[in-house]
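Asks: Heads up: the protein sequence lines correspond to chains A and B, in order. Here my numbering is used: position 74 in the first sequence is 74, and no number is missing along the way. Here my numbering is used: position 86 in the second sequence is 86, and no number is missing along the way.
I should point out that these hints are in silico values taken from the structure, not numbers from a laboratory. Careful: at least some of the hints might be erroneous.
Stated by the list, open to error - Okay, derived cross-link-like pairs now, BS3-like style, lysine-lysine, Cα gap no bigger than 25 Å in a straight line:
(1) Lys-71(A) x Lys-55(A)
(2) Lys-57(A) x Lys-97(B)
(3) Lys-71(A) x Lys-53(A)
(4) Lys-3(B) x Lys-57(A)
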Amino acid sequence: DVKVTQSSRYLVKRTGEKVFLECVQDMDHENMFWYRQDPGLGLRLIYFSYDVKMKEKGDIPEGYSVSREKKERFSLILESASTNQTSMYLCASSLGAKNIQYFGAGTRLSVL
Amino acid sequence: LAKTTQPISMDSYEGQEVNITCSHNNIATNDYITWYQQFPSQGPRFIIQGYKTKVTNEVASLFIPADRKSSTLSLPRVSLSDTAVYYCLILTGGGNKLTFGTGTQLKVEL
Chain A
1 DVKVTQSSRY
11 LVKRTGEKVF
21 LECVQDMDHE
31 NMFWYRQDPG
41 LGLRLIYFSY
51 DVKMKEKGDI
61 PEGYSVSREK
71 KERFSLILES
81 ASTNQTSMYL
91 CASSLGAKNI
101 QYFGAGTRLS
111 VL
Chain B
1 LAKTTQPISM
11 DSYEGQEVNI
21 TCSHNNIATN
31 DYITWYQQFP
41 SQGPRFIIQG
51 YKTKVTNEVA
61 SLFIPADRKS
71 STLSLPRVSL
81 SDTAVYYCLI
91 LTGGGNKLTF
101 GTGTQLKVEL
């Protein structure tokens, strides 16, 4: 079974803090993704990566950056957290062109 | 910009067949249509994937017409545990853009 692990289920941060969300997958998948999910807006792609040290912007990259130093780990960084970044963050990984994505359980981030 | 549309919600009763349609324009050629199920406080979970015509697995069927501008997820004989949000995922914009559908909240009652 593919396992995608997100470091925290719940996180509370203050405005202006630098926030790191970590994601690790154990199936040697090439592709990794970060989404945010908000009520009424569904899942929106923030960033994705098709290889180590590679990153591509998704639909809503503003205010976020990512890091992929190792194949199994994909980090989402909020350089200066703001209240409008309060959301559920979901990490996923996939392999190859069929791109069947396997998701972590999510991190619910609250920025106060 | 490609647009992917699903009904916001659907209601059903146990034992009925449920069909959820996802409409998508500008789908990339040779790319797959994938459906996911999501329960509260969990990440989405893969249900089924197809490219054209019909695909069936142990939990669902997926129907894709020749023009590939829509797809229909069919859940046979739903039960209470099928109450969830269902999303379609497609590749658009020449294959370099992932787009999730808006999601359909399915509620199954006795």
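Asks: Work down the list of hints and note, for each, if the structure agrees.
Replies: Now for the hints, and whether the structure bears them out:
1. Pair hint Lys-71(A) plus Lys-55(A) holds up; C-alpha atoms about 12 Å apart against a cutoff of 25 Å.
2. Restraint check for Lys-57(A) and Lys-97(B): the C-alpha separation of about 10 Å stays at or below 25 Å, so the hint holds.
3. For the hint linking Lys-71(A) to Lys-53(A), the alpha-carbon distance of about 9 Å falls within 25 Å, and the restraint holds.
4. For the given pair, Lys-3(B) sits about 19 Å from Lys-57(A) by alpha-carbon distance, which is consistent with the 25 Å threshold.
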